[in-house]
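Take a look at the letters that make up each chain.
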Amino acid sequence: EPEVTQTPSHQVTQMGQEVILRCVPISNHLYFYWYRQILGQKVEFLVSFYNNEISEKSEIFDDQFSVERPDGSNFTLKIRSTKLEDSAMYFCASSESRGTNEKLFFGSGTQLSVL
Amino acid sequence: GEDVEQSLFLSVREGDSSVINCTYTDSSSTYLYWYKQEPGAGLQLLTYIFSNMDMKQDQRLTVLLNKKDKHLSLRIADTQTGDSAIYFCAETPEAGNMLTFGGGTRLMVKP
Numbered sequence: 001e002p003e004v005t006q007t008p009s010h011q012v013t014q015m016g017q018e019v020i021l022r023c024v025p026i027s028n029h030l031y032f033y034w035y036r037q038i039l040g041q042k043v044e045f046l047v048s049f050y051n052n053e054i055s056e057k058s059e060i061f062d063d064q065f066s067v068e069r070p071d072g073s074n075f076t077l078k079i080r081s082t083k084l085e086d087s088a089m090y091f092c093a094s095s096e097s098r099g100t101n102e103k104l105f106f107g108s109g110t111q112l113s114v115l
Numbered sequence: 116g117e118d119v120e121q122s123l124f125l126s127v128r129e130g131d132s133s134v135i136n137c138t139y140t141d142s143s144s145t146y147l148y149w150y151k152q153e154p155g156a157g158l159q160l161l162t163y164i165f166s167n168m169d170m171k172q173d174q175r176l177t178v179l180l181n182k183k184d185k186h187l188s189l190r191i192a193d194t195q196t197g198d199s200a201i202y203f204c205a206e207t208p209e210a211g212n213m214l215t216f217g218g219g220t221r222l223m224v225k226p
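Those protein sequences? They're chains A and B, same order as listed.
Counting in our numbering, the first sequence runs from 1 upward without gaps.
Counting in our numbering, the second sequence runs from 116 upward without gaps.
Keep in mind that the hints were calculated from the coordinates and are not lab data.
Computed from a predicted model, the values in this text were never measured in an experiment.
Watch out, some of these pointers could steer you wrong.
[To be verified] Each computed DSS-like pair below joins lysine-lysine, with the alpha-carbon atoms no more than 27 Å apart: (1) B:K225 with B:K182; (2) A:K78 with A:K57; (3) B:K183 with A:K78; (4) B:K225 with B:K151; (5) A:K103 with B:K225; (6) A:K42 with A:K83; (7) B:K151 with A:K57; (8) A:K103 with B:K171; (9) A:K103 with A:K57; (10) A:K57 with B:K225; (11) A:K103 with B:K182; (12) A:K42 with B:K151; (13) B:K185 with B:K225; (14) B:K185 with B:K151; (15) A:K42 with A:K57; (16) B:K225 with A:K42; (17) B:K183 with A:K42; (18) B:K151 with A:K103; (19) B:K185 with A:K42; (20) A:K42 with A:K78; (21) A:K103 with A:K83; (22) B:K183 with B:K171; (23) A:K57 with A:K83; (24) A:K103 with B:K185.
With the hints as constraints, model all of the structure from the sequences given.
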């Protein structure tokens, strides 16, 4: 079965540093998403992306966050100046469309640790 | 805002049925999903149900929806050790819209 690939699986960074989390969605998918899960908390929606622009974002997705599809295959999440509270598991997802039967395929996540 | 709640933990014996429960608050929830997460893996969509349905069966999985009580359950028949995982309930008012997840129920299956 096709899968969403995320790299790296673990990322450790110093507070204030920029990080870029990378995702390769499934090749014929058009809708892309980032979710995150802080340890012990629920999986939370961050942002959805379609046709090279953000279609929805949550309150969490502030000016420190940005997303990009730089080359038609990768989908990246950038955190400009990381804070301790950004430590979480970040999941990328993609879907072919937004139809009623739509499946969201998730990657296995990037564990971000901000020290 | 919307909220989705699940119990944290369920332990069953191999061969028994498992029932994982979920409650939600958003009365406009239209699509309700069950995801499975195995260790080190992503979230795998198991099944979903529309709010105009009461029940959906898919092989060993049965989803029951009580819209009046805003209660969703996932029954796994003949539970196997390979079913051990965290199960997440999620809802959205619109297909493909942002999902609101429950906290996950860790299912442990004892041989």
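How the hints compare with the structure:
{"no.": "1", "hint": "B:K225 with B:K182", "result": "violated, 32 Å"}
{"no.": "2", "hint": "A:K78 with A:K57", "result": "holds, 14 Å"}
{"no.": "3", "hint": "B:K183 with A:K78", "result": "violated, 42 Å"}
{"no.": "4", "hint": "B:K225 with B:K151", "result": "holds, 18 Å"}
{"no.": "5", "hint": "A:K103 with B:K225", "result": "violated, 31 Å"}
{"no.": "6", "hint": "A:K42 with A:K83", "result": "holds, 19 Å"}
{"no.": "7", "hint": "B:K151 with A:K57", "result": "holds, 24 Å"}
{"no.": "8", "hint": "A:K103 with B:K171", "result": "holds, 16 Å"}
{"no.": "9", "hint": "A:K103 with A:K57", "result": "holds, 19 Å"}
{"no.": "10", "hint": "A:K57 with B:K225", "result": "violated, 41 Å"}
{"no.": "11", "hint": "A:K103 with B:K182", "result": "holds, 23 Å"}
{"no.": "12", "hint": "A:K42 with B:K151", "result": "holds, 14 Å"}
{"no.": "13", "hint": "B:K185 with B:K225", "result": "violated, 30 Å"}
{"no.": "14", "hint": "B:K185 with B:K151", "result": "holds, 21 Å"}
{"no.": "15", "hint": "A:K42 with A:K57", "result": "holds, 17 Å"}
{"no.": "16", "hint": "B:K225 with A:K42", "result": "holds, 26 Å"}
{"no.": "17", "hint": "B:K183 with A:K42", "result": "holds, 25 Å"}
{"no.": "18", "hint": "B:K151 with A:K103", "result": "holds, 13 Å"}
{"no.": "19", "hint": "B:K185 with A:K42", "result": "holds, 19 Å"}
{"no.": "20", "hint": "A:K42 with A:K78", "result": "holds, 21 Å"}
{"no.": "21", "hint": "A:K103 with A:K83", "result": "violated, 32 Å"}
{"no.": "22", "hint": "B:K183 with B:K171", "result": "holds, 17 Å"}
{"no.": "23", "hint": "A:K57 with A:K83", "result": "holds, 19 Å"}
{"no.": "24", "hint": "A:K103 with B:K185", "result": "holds, 23 Å"}
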